[in-house]
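Undergrad: Sequence:
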Amino acid sequence: MSRLLLAALFIPSGFQALANISGTTSYFAGLGLPLPALAAWGTGLFELIAGALILVGFQTRIVALLLAAFCIVAGFIGHYGQGGDDAMLAFLHQQMLMKDIAIAGGFLALAMAGAGAWSVDGRLVGIADQLT
Numbered sequence: 001m002s003r004l005l006l007a008a009l010f011i012p013s014g015f016q017a018l019a020n021i022s023g024t025t026s027y028f029a030g031l032g033l034p035l036p037a038l039a040a041w042g043t044g045l046f047e048l049i050a051g052a053l054i055l056v057g058f059q060t061r062i063v064a065l066l067l068a069a070f071c072i073v074a075g076f077i078g079h080y081g082q083g084g085d086d087a088m089l090a091f092l093h094q095q096m097l098m099k100d101i102a103i104a105g106g107f108l109a110l111a112m113a114g115a116g117a118w119s120v121d122g123r124l125v126g127i128a129d130q131l132t
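In terms of this note's numbering, the sequence shown opens at residue 1 and continues consecutively.
All clues given are correct.
Computed Cβ-Cβ distance ranges for the label pairs, DEER-style: (1) 35 - 113: 34 to 40 Å; (2) 65 - 13: 14 to 20 Å; (3) 20 - 73: 17 to 23 Å.
If you are wondering where the hints come from, they were derived from the structure by calculation, not from laboratory data.
Positions of the beta carbon are idealized from the N, C-alpha and C atoms, including for glycine.
Can you build the whole structure from these sequences, using the hints too?
TA: The structure is reproduced here in structure tokens:
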């Protein structure tokens with residue numbers, strides 16, 4: 001169930017980033033990132049593919065670690081110190097940063113626990129056990 005809930009954040013986000021690549025590029029440009037179009041394409045593809053891998057449970061431990069790192073980096077780039085003099089906007093960005101950190105924690109827990117029996121990883125381990 002945790003894989004489904006975590007994937008539900010990233011698959012739609014990746015799809016949306018790719019479907020509106022000009023908007024995603026503008027967002028990254030507004031953050032001051034170099035090569036914002038490359039960052040937009042890379043982020044959209046990463047979110048979509050990594051989310052799908054988490055959903056089916058393939059290479060879950062590795063992908064979960066990558067997504068945990070992604071959440072921390074994205075949270076700090078997108079939210080740390082944002083909001084300026086607008087107290088409400090600053091508060092919202094602080095909450096968004098904390099949300100990203102919490103999601104990273106979920107991915108770290110998933111990396112430690114593994115995907116479980118109902119996953120591609122679980123099936124591959126089951127097949128390997130049968131071969132020995």
